[in-house]
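*Asks:* Listed below are the residues making up each chain.
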Amino acid sequence: MPKITINGKNMEVPAGTSIIQACQQADIPIAHYCWHEGLSVAGACRMCMVEVEKNPKLQIACNTQAVDGMIIHTDSEKVKDTVKWALDFHLINHPLDCPICDQAGECKLQDYYMSYGLYTPEMNQPKMKKNKVVSLGERVLLDQERCILCSRCVRFTSEVSKTNELGIFNRGDRSVIGTFENRPMNNNYSVNTVDICPVGALTSKDFRFKQRVWFLKDFETICNGCSTGCNVTVSYNQNGVFRVRPRKNEAVNGHWMCDEGRDVYKHTNLEFRLEQVVERNDELGGASVKGKPVPLAIQEISKKLKTLTSKNADAVAVVLTAQYTVEEYEALLQALTALKVKNFYHWKNNEETFDSFDGLLLRGDKNPNTQGLLKVMEKYKVKGNLKDFEKGSAFSMTIVAGPENQTVYPDLEKKIDVLKKGGEVVYLTSCKNDKFNTFKWQIPMKSFVEKSGTFINHKGMEQKIKGGLKISKEAITLTEFAAALSEAGGARA
Amino acid sequence: MEQKLLMKHYENDEYASYKGYVKHDGYAALKKAFTMKPDDIIAEVKNSGLRGRGGAGFSTGMKWSFLPKNNEPRFLLCNADEGEPGTFKDRMMMERAPHQLIEGMIISAFAIQSKKSYIYIRGEYNESYKIVEKALKEAYDAGMLGKNIMNSGFDHDMDVYRGAGAYIVGEETALISSLEGLKGQPKLKPPFPAVQGYLRKPTIVNNVETLAAVTWIITNGAGAYKKYGTEKSAGTKLFSVSGNINKPGVYEVPLGYPFKDLLENECGGMKQGFNFKALIPGGSSCPVLNKEEALKSTMDYECMSQLGSMLGSGGVIVIDDKQCMVDLLKVLMHFYHHESCGQCTPCREGTGWLEKLTNGIGAGTAKLEDVGLLDKVARHMMGTTICALSDAAALPVISFVSKFRDEFECHVREHRCKVKGKCHAQDHH
Amino acid sequence: MSVVKRPSAKSKWYIPGILTGLGITIKHMLFNLAHRKDIYTIEYPEERYPYSERFKGNHILTVKKDGSLRCTACMLCATYCPAECISIVAAEHDDPSVEKYPISYEIDILRCVFCGFCEEACPVDAIRMGPEHQTAAIVGDNFVYDINRLAYRPGLKGGVLSKVDDEERHKKGL
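Residue numbers (numbering that gives the first Met the number 0), protein chains in the order written: chain D, 0 to 492; chain B, 0 to 428; chain F, 0 to 173.
These aren't lab readings, by the way, just hints derived from the structure by calculation.
Where a beta carbon is used, it is the ideal one built from N, C-alpha and C, also for glycine.
Careful, some of the hints might be misleading.
Beta-carbon label-pair distances, calculated as ranges [to be verified]: (1) D:158 to F:168: 36 to 46 Å; (2) D:79 to B:307: 22 to 32 Å; (3) D:4 to B:64: 26 to 36 Å; (4) F:168 to D:212: 17 to 27 Å; (5) B:401 to D:79: 25 to 35 Å; (6) D:66 to B:413: 48 to 58 Å.
Taking lysine to aspartate or glutamate and the EDC-like style, the derived pairs with C-alpha atoms no more than 16 Å apart in a straight line are [stated by the list, open to error]: (7) D:204 to F:93; (8) B:375 to D:80; (9) F:162 to F:65; (10) D:204 to F:91; (11) B:329 to B:408; (12) B:22 to B:154; (13) B:375 to D:121.
Pulled out of the complex, with its shape left as it was, chain D reads as follows (with noise of 0.2 Å):
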């Protein structure tokens, strides 16, 4: 383990570090733009340099090993002027497109130019033009005039993706990001590549010109696409919620996230939402009936419940799907289990592509607590899936925990019929769908980014997600539901 002194700081690293990274590891900052933790070095900026003692020349810190004995300076005047210098390299022929340019408030160029820049521009000669709104795909817009040619997008679709769709042709200032003829970017991953460049050279177009950046607060939390979980940060304001990138985790994710957990954030967005309680009433010829207050819904359906349950158990059958936190299916396990209701069960997406795995990250199993759900089912000793549902007897009356996020439930109209034969059914979900008006009640329930609990992902780890925000007032948890329903209508069974 050698150690190496930085700015007058001892420490012990391991062997093989590079010196860049023992500076992240120490929080001692250095300006870069082409080196990402998850890609290869290039040592194409030169931003990183620092001074290192017995040597005469300063050296980049990405790619210089940290060796026994080391003492490097990354804040002496030497340093400092260097970097401005490098900086000022990599303005010079930058367009001014600041105001219309989505990466304004998180632009490296923009940060380093207020720690290490600070300085009155010195050039006066025309600039390089290239071409602007160039499309390299389906979601990620580029514009060749601000790109500083860090290489980190070529890199990760050569290295990542492993899909070698990007490449840097000419040579020079002439230098340009592009795609080859008739083959655009169109992988999985590919709005990773907007995360990772650090100016604004590609911009998603989903998020293209929503809103600016500082006007938008994060919080982290799981993706809820599929059952890997991969760490995500979700930006939000008032407005609602407006992006979703990936959070760096060793252990589940790395630094990347799927383009197809890049959408799951628009399910929660009010417009999609359901809002109130829609009752469907029969005497009006099965008109849908809104505006319920929630808790005097719950109560009717509580009555009912305890009416059947206390007569025959078996009349009441509930499904679910694994896209509610562990906390909720505890919650609502326990309070019916405790009525005696044993008919659970459990709706996969998609029976045919259930267990695939595209190699990176994305599965076929498109619910983030499929082994939480499993796992609670197995607690309270029961078992079924919507299979067994569909075979067995009709019902009189059906608890479904429908699927937050409906893209992914692509038979979703075929199942509706499905459950028809539940009887009553109350459909607790987060999105309106028209096509519910067929049950009896719809109850609003919160989306993810919501409420707070634990998902379990395919390995088993608990991560846990946290809501950050309100977006459909009168929506409630499973939680919240379960509670409901014991309470309401007397005593407990």
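Once you've looked at the hints, dock chains B and F against the given chain D.
*Replies:* Frame of chain D; chains B and F shown alone:
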């Protein structure tokens, strides 16, 4: 006096063919080398004081001794890219004596125990490529290449590889990248090519002249080579002299030869009507020497570096007093801007900036501060990049501006060229 | 000693007081009649008080030479506004040299404190505080000004040209 050690038989047209080469003791050195042990050959070359003739001037024997002592396959690469402006000696060597190079390469390969070597010729040298290819075929037919050369038990294969028009592949790691089929961009060092080079195996990259000199050294011994030249710069060097002189061309003189003699004797002095003004001693990447410095200089590594310049590749560019220094710098800056590979930022952006500034000064549209800015930008481009192209672009700028500042300022202040006397509105590039 | 001032004889009588007061008033009236030009009173609304060029009145969104809005929806004004009265929705422009423009730019004029921070923050002279300040309205009127009102109201005669013209800069290549 010219000392034709390598160039002895270049006037003879037959020398390029195998038959003609063998007539003049061709491949005798190889025979002798096979009687020596590889380590002894390395020691001999080290002893001779031979330094890399491509520009860096690093001791060849020492470079060879950096190879790791393991059983990994090694590669020998001959750098025939010759991109340095002002240099054309390698072209002459390949066209007049390809077998001298091939023999030198086989000896060197035997010394470093390499079974495969490549000659990387720049794409523009069409003639050289054809001649070398022909010579390789002749060598294979004569059994000088392939399996069990001269019954020594040593196998060796050699191939020619053509470049595609980039100066940057003259840099050794860029050459290796290009040979591997990648974009010809330099790689980060460390790891050095001697440890991890072509296909991540130990690789030695040497210049054409260096490898050809090995032939002579093995034939005549290290002691004989050391007799020529100076103590630290042993042997002879081929200088490509160009400019408005009476006899431009390639001349082989011992290192330490005074430049004054080279100009007056070998090159026949300046042409009628032209006076000597400045000298670029080793290709355009070397700082310029003004008249006084040049006339008292000797052509060796030490003297040149003492005067603040470099011997480099030996591309001697003689500048006369009818040449505007700003014009010359414009041409050089355009060259470096065009040839920068674009990998690292200071060079990619800096070369463009230097060209634009120089063009502005030349056209008379610049401000006086731009002359100082030119110098400042060049100084900050040095020492911070992956390879030395950035330094190669910056050094001429710094030396031109410091030694000929009056010409630059005349362009800016008076909007006219000091040398040509004309105003910029008239034709002046 | 008593500090209470007892009313003097003079003030007990009304007539001397009235005559003194009237006298002052008539003196001023006669003076003013003789020096009409020096009267400070401004005959509003025919005469108006001349405000300075820097007066912070109603906002003006400037336009480019072709009549389109100068604003690039950078949202610096909305960020800087201390009253949080500016709402902007950005959109993609078909012309790549323009790229971003606001499809909706609203100022809630009742929230606005007319501080002028938005004018200061704008990097392209897209918003200015104009000289107009007399825009009374009744309850039920629209107090959220949109682009039409801010940039193209009749008083502006087709739009005020912005001083920061990107065309020159683009041509020069800067």
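*Asks:* Run every hint past the structure and note whether it holds.
*Replies:* Consistency of the hints with the structure:
1. D:158 to F:168: 36 to 46 Å: Between residue 158 (chain D) and residue 168 (chain F), where Cβ atoms are some 39 Å apart, the hint holds.
2. D:79 to B:307: 22 to 32 Å: Between residue 79 (chain D) and residue 307 (chain B), where Cβ atoms are some 28 Å apart, the hint holds.
3. D:4 to B:64: 26 to 36 Å: holds (33 Å)
4. F:168 to D:212: 17 to 27 Å: At 26 Å between Cβs, range holds.
5. B:401 to D:79: 25 to 35 Å: With Cβ atoms ~26 Å apart, the hint holds.
6. D:66 to B:413: 48 to 58 Å: Given a distance of about 56 Å, which is inside 48 to 58 Å, the answer is holds.
7. D:204 to F:93: Holds, at roughly 15 Å.
8. B:375 to D:80: Roughly 13 Å between the alpha carbons, so the hint for residue 375 (chain B) and residue 80 (chain D) holds.
9. F:162 to F:65: holds (14 Å)
10. D:204 to F:91: With a Cα-Cα distance of about 10 Å, the restraint between residue 204 (chain D) and residue 91 (chain F) holds, given a limit of 16 Å.
11. B:329 to B:408: Satisfied, since the Cα-Cα distance of roughly 15 Å is no more than 16 Å.
12. B:22 to B:154: Violated - the C-alpha atoms of residue 154 (chain B) and residue 22 (chain B) are around 25 Å apart, more than 16 Å.
13. B:375 to D:121: holds (11 Å)
Going through the hint list in order, the structure does not satisfy hint 12, though it satisfies all others.
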